[in-house]
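Enquirer: These are the residues of each chain, in order.
Protein chains: 2
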Amino acid sequence: MELKAIQDYYPDDVAHCYGCGKLNEHGHRIKTFWNGDETITRFTPKDYHTAIPGYVYGGLIASLIDCHGTGTAALASYRSEERKPGSLPPLRFVTASLQVDYLKPTPLGIELELKGKVLELNRKKVVTEITVSANGVITARGKVIAAKMPENIIKKR
Amino acid sequence: MELKAIQDYYPDDVAHCYGCGKLNEHGHRIKTFWNGDETITRFTPKDYHTAIPGYVYGGLIASLIDCHGTGTAALASYRSEERKPGSLPPLRFVTASLQVDYLKPTPLGIELELKGKVLELNRKKVVTEITVSANGVITARGKVIAAKMPENIIKKR
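Residue numbers (this note's numbering), protein chains in the order written: chain A, 1 to 157; chain B, 1 to 157.
The hints are simulated quantities; they were obtained by calculation from the structure and are not laboratory data.
A portion of the hints provided could be inaccurate.
If several chains are the same, the list does not tell them apart, and a pair holds so long as it fits within one copy or across any two.
What the hints assert, rightly or not - DSBU-like, lysine-lysine: derived pairs with alpha carbons at most 30 Å apart: (1) Lys148 <-> Lys4; (2) Lys124 <-> Lys148; (3) Lys104 <-> Lys124; (4) Lys46 <-> Lys31; (5) Lys4 <-> Lys31; (6) Lys31 <-> Lys125; (7) Lys4 <-> Lys117; (8) Lys115 <-> Lys104; (9) Lys46 <-> Lys143; (10) Lys4 <-> Lys46; (11) Lys124 <-> Lys143; (12) Lys31 <-> Lys143; (13) Lys22 <-> Lys125; (14) Lys84 <-> Lys22; (15) Lys22 <-> Lys46; (16) Lys31 <-> Lys104; (17) Lys115 <-> Lys84.
These numbers were taken from a predicted model, which means no experiment stands behind them.
So here's chain A without its partners, still in its complex pose (with noise of 0.2 Å):
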């Protein structure tokens, strides 16, 4: 497995997401790989990222299934070209729509692994799905559509 993630090779301006820029200090920092034809991700939510007691809050659920859907776009896109990723122009993607389907409830105190592969994928936007599972099962599932960020928005390194 590639050691790097994604989000690893981000250009600094525009590495401050907060679900997976490695510049925010606040924020999650998820980190996109390749496996095989699918990326995967894990993540292990804090005690205090309840819906109800014991289970995730459906926004944090969210949020990991837009960021692993935008590093999937990304990763996804390098490959479709061939190109290492970070190899210049950096190919970095915005959601433009986001839907997620919460299958049973997630629990708490565990590490979530999240699956995403790629639906459709084009210049322009790249549609993932992404799963969400807790001991093997999953518990979500989402489906991320993602616009490729206009590269005048995204100074060179």
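Knowing the structure of chain A, use the given hints to seat chain B on it.
Expert: Relative to chain A, chain B alone:
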């Protein structure tokens, strides 16, 4: 306007939500009120709730829509039963499905206003539409399908 928000009436055993629970000292503690036939809440993101610098993180926007949606569902259910919020048995909702469309970047550093309206209501679920506005401009639009929490989960106060 009613002085207490619907979240102030949530039974203590289910008042720990990171987004809106009055008993979650780490959380956002959003407050949902009626404003005529719509519901309203306001929230000012922290400076670290960043997507890219200057703009609000989409995961936070999803979280606010989520909790304002379940709050709106509870308010609307009490109203449809011609009962006062807080009267027993308690009406409390969880999110079954969340859809967010990010229409334009949401500027960081100002108070956001969320409005909710009911699209559908029955004894088991309530569907709401939520808008997020910054400086009077709608920047995101969400749909929340909220499911009524089974009574056996909510202990009586």
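Enquirer: What label fits Lys22 with Lys125 when the C-alpha limit is 30 Å: within, between, both, or neither?
Expert: Cα proximity of Lys22 and Lys125: one copy only (23 Å, versus 39 Å across).
Enquirer: From the Cα coordinates, with 30 Å as the cut-off, is the pair Lys84 and Lys22 best called within, between, both, or neither?
Expert: within (19 Å within a copy, 47 Å between copies)
Enquirer: At most 30 Å between alpha carbons: which applies to Lys124 and Lys148, within, between, both or neither?
Expert: Answer is within; shortest intra-copy Cα gap is 5 Å, inter-copy 39 Å.
Enquirer: Evaluate Lys4 and Lys46 at a C-alpha cut-off of 30 Å and name the case that applies: within, between, both or neither.
Expert: So Lys4 and Lys46 pass the 30 Å test inside a copy (24 Å) and across (29 Å) alike.
Enquirer: At most 30 Å between C-alpha atoms: does Lys4 with Lys31 qualify within a copy, between copies, both, or neither?
Expert: within (8 Å within a copy, 40 Å between copies)
Enquirer: With identical chains treated as interchangeable, where does the CA-CA distance between Lys115 and Lys84 reach 30 Å or less: within a copy, between copies, both, or neither?
Expert: Within one copy only: 21 Å inside, 43 Å across.
Enquirer: Tell me, please, which holds for Lys31 and Lys143 at an alpha-carbon limit of 30 Å: within, between, both or neither?
Expert: The answer is both: 18 Å in one copy and 28 Å across copies each meet 30 Å.
Enquirer: Between the shortest in-copy and the shortest cross-copy C-alpha distance, which are at most 30 Å for Lys115 and Lys104: within, between, both, or neither?
Expert: both (17 Å within a copy, 27 Å between copies)
Enquirer: I want to check one pair: Lys22 and Lys46. Are their C-alpha atoms no more than 30 Å apart within a copy, between two copies, both, or neither?
Expert: Answer is both; intra-copy 19 Å and inter-copy 18 Å each pass.
Enquirer: How would you classify Lys31 and Lys104 at a CA-CA limit of 30 Å: within, between, both, or neither?
Expert: both (24 Å within a copy, 26 Å between copies)
Enquirer: Tell me, please, which holds for Lys46 and Lys31 at an alpha-carbon limit of 30 Å: within, between, both or neither?
Expert: both (17 Å within a copy, 23 Å between copies)
Enquirer: Given identical chains, is Lys148 near Lys4, meaning Cα to Cα at most 30 Å, within a copy, between copies, both, or neither?
Expert: within (21 Å within a copy, 43 Å between copies)
In this structure, every one of the numbered hints holds.
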